[in-house]
Amino acid sequence: MKKDKKNLRIAFMGTPEFSVHILEALLQNNYPVVAAFTQEDKIAGRKKILKKSPVKIFCEQNGIPTFTPKKLDDESVRILRDKQVDLIILVAYGKILPKNILETPPLGAINIHPSLLPKFRGPSPVQNALLHEEKITGSTIMLMDAGVDTGDILSQKEISIDDQETYVELKEKLAFFSADLLVGTLDDFLEGKITPQKQDSSKASYCKLIKREDGQISWSEDSKTIFNKFRAFFGWPGIYTLWRNNGEIKRIKLNKISCAEGEFADRKIGEAFLYNDSVCVKCGVGAIAIHEMQLEGKMNMSSANFINGYKNFIGAILG
51 MKKDKKNLRI
61 AFMGTPEFSV
71 HILEALLQNN
81 YPVVAAFTQE
91 DKIAGRKKIL
101 KKSPVKIFCE
111 QNGIPTFTPK
121 KLDDESVRIL
131 RDKQVDLIIL
141 VAYGKILPKN
151 ILETPPLGAI
161 NIHPSLLPKF
171 RGPSPVQNAL
181 LHEEKITGST
191 IMLMDAGVDT
201 GDILSQKEIS
211 IDDQETYVEL
221 KEKLAFFSAD
231 LLVGTLDDFL
241 EGKITPQKQD
251 SSKASYCKLI
261 KREDGQISWS
271 EDSKTIFNKF
281 RAFFGWPGIY
291 TLWRNNGEIK
301 RIKLNKISCA
311 EGEFADRKIG
321 EAFLYNDSVC
331 VKCGVGAIAI
341 HEMQLEGKMN
351 MSSANFINGY
361 KNFIGAILG
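Note that the working numbering has the sequence shown beginning at 51, numbered continuously upward.
FYI, nobody ran anything at the bench for these hints, they're computed from the structure.
Glycine is no exception: its CB is placed at the ideal position from the N, C-alpha and C atoms.
Some hints here could point you the wrong way.
The calculated lysine-lysine pairs, modelled on DSSO-like cross-linking and capped at a C-alpha distance of 30 Å, are [as the list claims (entries may be wrong)]:
1) Lys92 / Lys120
2) Lys274 / Lys253
3) Lys274 / Lys97
4) Lys55 / Lys98
5) Lys149 / Lys258
6) Lys261 / Lys53
7) Lys303 / Lys253
8) Lys185 / Lys53
9) Lys121 / Lys133
10) Lys243 / Lys53
11) Lys102 / Lys133
12) Lys56 / Lys133
13) Lys348 / Lys185
14) Lys169 / Lys149
15) Lys101 / Lys348
16) Lys55 / Lys133
17) Lys53 / Lys102
18) Lys303 / Lys97
19) Lys120 / Lys207
20) Lys169 / Lys223
21) Lys223 / Lys258
22) Lys207 / Lys185
Derived DEER-like restraints, expressed as beta-carbon distance ranges [stated by the list, open to error]:
23) Ile367 / Glu153: 53 to 63 Å
24) Gly347 / Gln134: 29 to 39 Å
25) Gly113 / Pro156: 23 to 33 Å
26) Lys318 / Val198: 15 to 25 Å
27) Glu153 / Leu292: 46 to 56 Å
28) Pro156 / Gln78: 41 to 51 Å
Build the full structure now, drawing on both the sequences and the hints.
Written as structure tokens, this is what we have:
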């Protein structure tokens, strides 16, 4: 079905900052967004302040009618019909679209997924690319169906991953990359130039929702695996270890680390020690050098300052 861009009416569905980059690109390229759906305001921080999603803030600043339904139901269908929506564009919304929502717009729904589908279907594709030490990732623009990231592909493009790149850096790079890909894809889609391609589900892999406890380090893993976890969880949830200090178990967040050179066969797994003026911890293979660390309830500090205040940390077995 061909559609004139000027007459198109889009409902955008998204929540985090990643989604904002895509929405902004649509507006900059004169795609009419007549409504936005985003997650409800959430209580955040120690002060329990009600916080709007980045998409809601952006839409309020740009005069886009915004809706925050707890559940996508008949009322949401009514909104889409009242707004005469032709197409839904979804980017990290955080809700699964039911069949009646998917079937309401004449042109259906398009999803932007930051992986090379069918690889890394699910909610954490960027983190999993880093956890698996991928050298290449990318973005997929697809038509949505009733499955999770199983729809027909409209376009797909690769992007390289740098060895030291963290989740925060890669996510931002993918946001701008995906925005450019979407705009080009939409132009061709509306002109009827794209033949959607089925995914090969026999090649599919899946990723789960990241939880806070996933950030706990197992020092029996090799140093490269732990460093990749640091990259993947940078920003949130971060990585941490447990330290038994004077009978108390304390959580220590590791905010900057690297892989230490050497095997350190004379050290016990999980042992904190000094090597070349760095605080290191022995892993199953190799060791991790800690550059910045943060004891729970305290400020982030250099590892040198940390051991000046906690000299008994050196020699401790962490876990």
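For each hint, the structure was consulted:
This hinted pair checks out: Lys92 and Lys120 have alpha carbons roughly 12 Å apart, not beyond 30 Å. Simply put, Lys274 and Lys253 have alpha-carbon atoms about 26 Å apart, close enough for the 30 Å limit, and the pair holds. Under the criterion of a C-alpha separation no larger than 30 Å, the hint pairing Lys274 with Lys97 is inconsistent with the structure, at around 37 Å. For a cut-off of 30 Å, the pair hint linking Lys55 to Lys98 is broken: about 43 Å separates their Cα positions.
A distance of roughly 23 Å separates the Cα atoms of Lys149 and Lys258; the hinted pair therefore holds under the 30 Å criterion. Taking the CA atoms of Lys261 and Lys53, the gap is about 42 Å. The hint is violated against a cut of 30 Å. As the CA atoms of Lys303 and Lys253 are separated by approximately 36 Å, the hinted pair breaks the 30 Å bound. Distance restraint check for Lys185 and Lys53: the Cα-Cα separation of roughly 38 Å exceeds the 30 Å cut-off, and the hinted pair is therefore not satisfied.
Between Lys121 and Lys133 the CA atoms are separated by roughly 19 Å; this keeps the pair inside 30 Å, and the hint holds. For the proposed pair Lys243 and Lys53, the alpha carbon gap of about 12 Å is at most 30 Å, so the pair holds. Annotation: proposed proximity of Lys102 to Lys133 holds, straight-line Cα distance about 23 Å (limit 30 Å). The hinted pair formed by Lys56 and Lys133 meets the criterion: a straight-line CA distance of about 15 Å does not exceed 30 Å.
Our distance criterion of 30 Å between C-alpha atoms is broken by Lys348 and Lys185, whose separation comes to about 36 Å. Restraint check for Lys169 and Lys149: the C-alpha separation of about 24 Å stays at or below 30 Å, so the hint holds. A distance of roughly 24 Å separates the Cα atoms of Lys101 and Lys348; the hinted pair therefore holds under the 30 Å criterion. Note on Lys55 and Lys133: the hinted pairing holds, with a Cα-Cα distance of about 16 Å set against a maximum of 30 Å.
For the proposed pair Lys53 and Lys102, the alpha carbon gap of about 34 Å is over 30 Å, so the pair is violated. A distance of roughly 22 Å separates the Cα atoms of Lys303 and Lys97; the hinted pair therefore holds under the 30 Å criterion. The straight-line distance between the Cα atoms of Lys120 and Lys207 is roughly 34 Å, outside the 30 Å bound, and the hint therefore fails. For the hint pairing Lys169 with Lys223, the CA-to-CA distance comes to about 19 Å; that is within 30 Å, so the pair holds.
With a C-alpha separation of about 22 Å, the suggested pairing of Lys223 with Lys258 holds against the 30 Å cut-off. Simply put, Lys207 and Lys185 have alpha-carbon atoms about 14 Å apart, close enough for the 30 Å limit, and the pair holds. Checked against the hint of 53 to 63 Å, the C-beta distance between Ile367 and Glu153 comes to roughly 58 Å, which is consistent with it. With their beta carbons about 53 Å apart, Gly347 and Gln134 fall outside the hinted range of 29 to 39 Å.
With their beta carbons about 25 Å apart, Gly113 and Pro156 fall inside the hinted range of 23 to 33 Å. The given range of 15 to 25 Å is broken by Lys318 and Val198, whose C-beta atoms sit roughly 43 Å from each other. Checking the proposed 46 to 56 Å range against Glu153 and Leu292 shows it holds: the Cβ atoms sit about 50 Å from each other. A hinted range of 41 to 51 Å is violated for the C-beta pair Pro156 and Gln78, which are about 25 Å apart.
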